[in-house]
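A.B. asks: What follows is the residue order along each chain.
There are 4 protein chains.
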Amino acid sequence: MKHGKIYRSDYSTATDARVHQTRAAIRKAFLQLLDQKPLDQITIREIASAASIGYTTFFRHHPSKEELLNEIAASEIKHLIELAMPVLGPIDSREATLTMCRYVAEHRALWSTLLTGGAANVLREEFIRLSLQVAASWESTNEWLPAEVGVILVTSGTIELLAWWLKQKDPIPVEKLAIIFDRTIISPVINQQRS
Amino acid sequence: MKHGKIYRSDYSTATDARVHQTRAAIRKAFLQLLDQKPLDQITIREIASAASIGYTTFFRHHPSKEELLNEIAASEIKHLIELAMPVLGPIDSREATLTMCRYVAEHRALWSTLLTGGAANVLREEFIRLSLQVAASWESTNEWLPAEVGVILVTSGTIELLAWWLKQKDPIPVEKLAIIFDRTIISPVINQQRS
Amino acid sequence: MKHGKIYRSDYSTATDARVHQTRAAIRKAFLQLLDQKPLDQITIREIASAASIGYTTFFRHHPSKEELLNEIAASEIKHLIELAMPVLGPIDSREATLTMCRYVAEHRALWSTLLTGGAANVLREEFIRLSLQVAASWESTNEWLPAEVGVILVTSGTIELLAWWLKQKDPIPVEKLAIIFDRTIISPVINQQRS
Amino acid sequence: MKHGKIYRSDYSTATDARVHQTRAAIRKAFLQLLDQKPLDQITIREIASAASIGYTTFFRHHPSKEELLNEIAASEIKHLIELAMPVLGPIDSREATLTMCRYVAEHRALWSTLLTGGAANVLREEFIRLSLQVAASWESTNEWLPAEVGVILVTSGTIELLAWWLKQKDPIPVEKLAIIFDRTIISPVINQQRS
DNA sequence: CTCTAATCGAGACGGTACGTCGCGTCTTACG
DNA sequence: CGTAAGACGCGACGTACCGTCTCGATTAGAG
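Protein chains in written order, with the numbering used here: chain A, 18 to 212; chain B, 18 to 212; chain C, 18 to 212; chain D, 18 to 212.
FYI, nobody ran anything at the bench for these hints, they're computed from the structure. There could be a bad hint or two in this list.
[Claimed, not checked] Each computed SDA-like pair below joins lysine to any residue, with the alpha-carbon atoms no more than 20 Å apart: (1) C:Lys-184 - D:Asn-138; (2) C:Lys-193 - D:Trp-161; (3) C:Lys-54 - D:Glu-83; (4) A:Lys-82 - B:Asn-138; (5) D:Lys-186 - D:Asp-52; (6) C:Lys-54 - D:Lys-184; (7) B:Lys-193 - A:Leu-162; (8) B:Lys-54 - A:Ile-145; (9) A:Lys-45 - A:Ala-91; (10) D:Lys-184 - C:Arg-146; (11) D:Lys-54 - C:Glu-83; (12) B:Lys-54 - A:Leu-162; (13) A:Lys-186 - B:Pro-163; (14) C:Lys-193 - D:Leu-162; (15) B:Lys-184 - A:Glu-143; (16) B:Lys-193 - A:Glu-165; (17) D:Lys-54 - C:Glu-142.
[Said to hold, decoys possible] Take a look, some chain D residues computed to stay more than 10 Å from chain C by CB distance: (18) Lys-54; (19) Leu-85; (20) Asn-87; (21) Glu-88; (22) Glu-143; (23) Ala-153.
[To be verified] FRET-style restraints, in silico, Cβ to Cβ: (24) D:Arg-125 - A:Arg-77: 48 to 56 Å; (25) A:Glu-165 - C:Arg-62: 56 to 64 Å; (26) A:Glu-88 - C:Tyr-72: 54 to 62 Å; (27) C:Ala-41 - B:Arg-146: 21 to 29 Å; (28) A:Lys-186 - C:Tyr-72: 50 to 58 Å; (29) D:Thr-73 - B:Ser-81: 19 to 27 Å; (30) D:Asn-138 - C:Ala-91: 16 to 24 Å.
Every residue, glycine too, gets a C-beta built ideally from N, C-alpha and C.
Based on the sequences and whatever the hints tell you, model everything.
C.D. replies: Here's what the structure looks like:
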């Protein structure tokens, strides 16, 4: 609506080494900046400068900084959702919970940026959007709880809990986190409950 | 840090009828715009135009649109937190829950804008910030659950649940909402639990 | 063309003592400010503040600061022109010259402001305009010199010379000034000349 | 004193063709506007619009319209002063006078704008400033006439005379102008004189 | 190993919104 | 009941980024 054609190449299948190098530099610089301030206080010129690339070059790879964030976020979120889905299954939620927490712990730096940095709000929305999409076909587990609400609460609860955990200087061990996670977020939604 | 002197008057004790009129017009126009798009896509010129006031006049009342939103949000949130606090008390959470839901239901239009419009993210942060502040002195209710986490989960859960509820075309009755609220958000945090 | 009607009263025949007081205060404050900076760097609020009157009150007396300057300038210039005219007469230019210089010397503060302060350019134009008007009916004194040119040169020369004189810390005596005035400005225009 | 950092480049050595094109367009549009109204009634937006460039682009080349005028004026004035200086020399003032008048005549359009348009006052000041600077080292030609006064009178007289000449619909021939110039402005200052 | 095309840097440019300032009009409240 | 105080609409200011668009310079990888 806003823009005309952009002269951006399609680098998706590029084999040129420079392309990969440039993309990596952008990503790295961008995540570093996101650690420091919210998305809308970061200028593209800043990213380009931090990545030691030309301003114009940024646009050859990403149409906007928002789009860049979405690209990064989407791929990371997919991993997490794949790990998180079994959590809601009937089998062994405690084990799946632990697996998910460990995954985040292993990529602490990245997730810390995503969840506690300037991208948090964007990420939350994307996270919930993708979760709802994945869970769209599910049937309700409880007659008193619309499935959609369940997904929203679990997803947002997960994000908040992980964000809190990543912010701590002396984070509690993963096992304890998994217990909190299970008791406050998972069980209330999937378990049978007595009023 | 950014600005030099601003020529803004202190209107807090203003008695001039025009002042109230102008402030009301700004607020109304702003909330209408927030219904349609996120905060950062709203320009001050748009607000001024919609409120039928001069562009400059906006700054005579609010230093920025962010500040305006915070002013509005803070006062509304305070009301809600006052109603919400007893919910966590030991006595009768179900009753307090119902009271809070009814309050939101009675101000549906306003809260709908705040929670589901372009201000949602700002409001969430402010909400959690204020909740943490209010709850700072509390002692932990559970040895396995840090008090801070409890507050965060209850607050964000509340926001998500209310936001979902306000988005529905055919919203479920308040009583049912209160049940969900109690089972998924309150009880898991304040009650004793069996693993 | 720009403005609608102004609610300005006509105070020209006012007898109210306050009116005179106010006008005097404006005039005084204005001239003081003109000593310090050019006209367009002086704001009306500044004048009003310096004159200890309300901002709006200024407009009850003068439509704009430019107009105010013109009012002041015009009356002063008229005095000077009346003294200066005989200078060009055939009788005794040296004597008239001396008279004029003495007049300026006696009102040094005022003329210093008018000629060397921020009003200089406006004053020059007004001065030349009035001079040309007064001298419109004159007949040329020399066949080789259009009357208009003569008036312009004498007028602008007078202004420049007086401005220079008023700027000096140790001004030369009036008598010497009159000599310069006569030799460089008056004589070349009115006297018969040998090429 | 006024401004913070300006993002203006140094175009003095620019080779980009667009730069020259833009600068020329600005200059042309600016001079055209100066023909019509005084400097302070011209807005930068007007200049930009008339030059068919973006508003912001103006500032990439000139910090303000006043500065732009000074740049233009300074370069033109330098030419004229170089021609005018020999006029005051002892040799052949009549010839130098003629040369100078011819130069102005050949650039009638430009000088007409500078001297009779909205820039006249600014130009006068700059002219006198530069003249005094150039003539700073001179020694007085007459014991009764301070050198500074001589420079001021010659310079301002020159400007007034040229301005008058350029304003005429049927201007007198250059030769007659040179005679007036010599008799009324040059001779009275440099020649020995009998009281 | 060359050379040709892809990629990049540098930055000029037209825009849009910002927040500030001063103007001149108009309204209100006070004395 | 008139006047000061000041709220207001207006429009220009100068700044900051935006995203588009040339330009050459460099460099990879195909011939």
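A.B. asks: Enumerate the violated hints, using their earlier numbering and listing them in ascending order.
C.D. replies: 6, 12, 27
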